[in-house]
Amino acid sequence: MLDRGAACLQCRKLKMKCDGLLPHCSRCARLHKECAYPRGVAKRPPRPVTESLQARILELEMMIHKLTVPSTYNLSMISEKLRERGARLGRSPEPRQLFNEGKISPNPSKIPTVPNPPSERGGGKVLGGDNLSEDPSEIQVLVEQELLSYNLALPGGVEQLPPPLSMNLIKLFLPYYAHYYFLADVSYFIPRVSLPPSHPESIHPCLLNACYLAACTSNGSGLASFKAFFLQRTRHFLQHSLMFSDRTTDFLWASLILGVFFAKERRVVESMAMAAATAHFALACGLSLPGTSARRKGSSMNEHLLPPPRDKAEANDRVRLAHSIFFGCQALPLLSGNPLAFPYENQWSDAEEEVLSDCQDAKARFCSISMTKDDLWRSELRLRVLVINTFERSTKFARSVAANSHPGEEDEQEYLTIESQIHAQRASFPPLYDPHKLRPPGVSNKFTSQSVFGYLTLYGSGLIIHSLWAIHRAESRAKMFECVRALVDICAGARGHRGLYLGLASAVHIMNAIRIIARELRRSEAKANSALSINYCQSLEVLLDALEDIMSVFPAWADTPAVLRDTLLATADSLST
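Take the sequence shown: its letters are residues 18 to 594, numbered as in this note's numbering.
Calculated directly from the structure, the hints in this document are not laboratory data. Errors might be hidden in some of the hints.
What the hints assert, rightly or not - Simulated restraints on C-beta separations:
1) P213 with V285: 36 to 42 Å
2) Q256 with D36: 38 to 44 Å
3) V66 with N333: 40 to 46 Å
4) N333 with R443: 30 to 36 Å
5) A419 with D506: 25 to 31 Å
6) D263 with I74: 37 to 43 Å
7) V336 with Q555: 34 to 40 Å
8) Q177 with K32: 51 to 57 Å
9) R536 with A441: 27 to 33 Å
10) P179 with A245: 19 to 25 Å
11) D328 with I74: 23 to 29 Å
What the hints assert, rightly or not - Derived BS3-like pairs (lysine-lysine); straight-line CA-CA distance at most 27 Å:
12) K329 with K281
13) K30 with K50
14) K281 with K413
15) K34 with K50
16) K50 with K32
17) K413 with K496
As the structure is a prediction and not an experimental result, all values here were calculated from the model. Quick reminder that beta carbons are idealized off the backbone N, C-alpha and C, glycines included.
Turn these sequences into a full structure, and let the hints guide you.
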């Protein structure tokens, strides 16, 4: 602030603020005005620019600190839970060891087992796990309290979280690992969480923070307010890992989880960019499915990015990483209705032969009593990848046919090829029902999420191509209705079990069936065929119930099935009257 009467004559006349700089104040210099000071008044020396910038930076840092402090609307609930827990466990818990200084060779009895597959009654949430079976609500309350007391305004947010807090966040993430295509070996992953950062086998912070971000996203409630904090940390450590080529496999795992996070947040552009970058970078590093051409050719110029695995556990982890990227980067575009994130035909074409060879004996291996859970996971995963590729090929064919008013011989040949491919895959796919109870223990005797998704995708692919060709062929129209009836039967059997549909990818096929039934309903009403109209209305009810089961997981779209139901049924009533 200037002393009284120290402003220049021009600013004093206009009653404007003046900084008193020599030989001209800032305002007069900017407006090209003549600047003069009254005689006998001490002039203010010019203030260095660095001082004003430092003061402004300090002011902005204080504003950021206020903005990053999470909301405390649930503080009373947390305090009550902590009081109950303190009364039950005592006020002085035993001290816990911060880091495991030894090698990754813990007691086998203390290694947590891989969680069970997603439960049909749990909405797709993974249940089970021997040493991870603590009450999730208690862990969540404890984590929220620890995060509230943690200094979130640290410069850059690069400090490591305390090991107990880190382990609790990992426990909250593991029940949802399948939602993020994190198909790593949990018994290999968990012991590395507690290793100190200086240990050569420790997990890179980018993967840890990506798991923290997924835990906050999936558990919701008070943890949702920390998503922005862990997103910033994940991006920071991803840049750090890429800059120094540090633990590239952890970088790829974290990138895959981050891509799924963007898809769940409906940030489609960032999700597609992350999926494409992850797939291309994995191929550039020499990571590919076993038996593919990229694997056989190798990548000598990028061998330093992925050094040879130290042991069998790390080699197995890389195989799981390759399958997860290959499968996840093809499933993510289906969630947003976009094409594949990377050119499948060029890089991964040989993988289809390996998948096809596994499909030939999939029925026998699926119903074999001696089949292990790892074999079951591997066969179902590859079958699911195969049907996704078939669906992508069907959509490409549909776009090419829609662009041509008169389909040619090449289009007809492609139609027959896709039809035979769907028929072969459907014949080799594991059955939905198991009337003779030949499946191994621990596998659902009725439906599994993988089989439901596979059949929905196969019949959805058939629905696309047959609906396009129904104008040219009468048998294609009959096959179209066969696919619709199959979709209705599957949705009727899986009614009430929203975890079986595996997200919005199944909603695409159900919406196509609803569109065709609604069109045929109008035609039947026009022909005054009441029996057929009643059958169509019953099928619509089943498909809309399935759509409600899927959309109930996504709050932003939860009202869509109800609006669609009212519109379609109102149309049917108006047509019947």
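These are the hints, each one checked on the structure:
Distance hint check for P213 and V285: the Cβ-Cβ separation is about 39 Å, which falls inside the suggested range of 36 to 42 Å. Judged by the Cβ atoms, the range 38 to 44 Å given for Q256 and D36 holds: they are separated by roughly 40 Å. Judged by the Cβ atoms, the range 40 to 46 Å given for V66 and N333 is violated: they are separated by roughly 59 Å. For the pair N333 and R443, the supplied restraint of 30 to 36 Å holds, since their beta-carbon distance comes to about 31 Å.
The given range of 25 to 31 Å is respected by A419 and D506, whose C-beta atoms sit roughly 29 Å from each other. In this structure the hint that D263 and I74 lie 37 to 43 Å apart at CB is violated, the actual value being about 31 Å. As the Cβ distance of V336 to Q555 is approximately 46 Å, the hint placing it in 34 to 40 Å is violated. Against the hinted window of 51 to 57 Å, the Cβ-Cβ separation of Q177 and K32 comes to about 56 Å, which satisfies the hint.
The hint said 27 to 33 Å for the Cβ distance between R536 and A441, and at roughly 29 Å that hint holds. The beta-carbon spacing between P179 and A245, approximately 20 Å, falls within the hinted interval of 19 to 25 Å. Evaluation of the 23 to 29 Å hint for D328 and I74 yields a failure: the beta carbon distance comes to about 49 Å. For a cut-off of 27 Å, the pair hint linking K329 to K281 is broken: about 34 Å separates their Cα positions.
With a C-alpha separation of about 13 Å, the suggested pair K30 and K50 falls inside the 27 Å cut-off, and the hint holds. As the CA atoms of K281 and K413 are separated by approximately 25 Å, the hinted pair is consistent with the 27 Å bound. Under the criterion of a C-alpha separation no larger than 27 Å, the hint pairing K34 with K50 is consistent with the structure, at around 15 Å. Taken as a hint, the K50 and K32 pair is honoured in the structure, with Cα atoms around 15 Å apart against an allowance of 27 Å.
With a C-alpha separation of about 20 Å, the suggested pair K413 and K496 falls inside the 27 Å cut-off, and the hint holds.
Going through the hint list in order, the structure does not satisfy hints 3, 6, 7, 11, 12.
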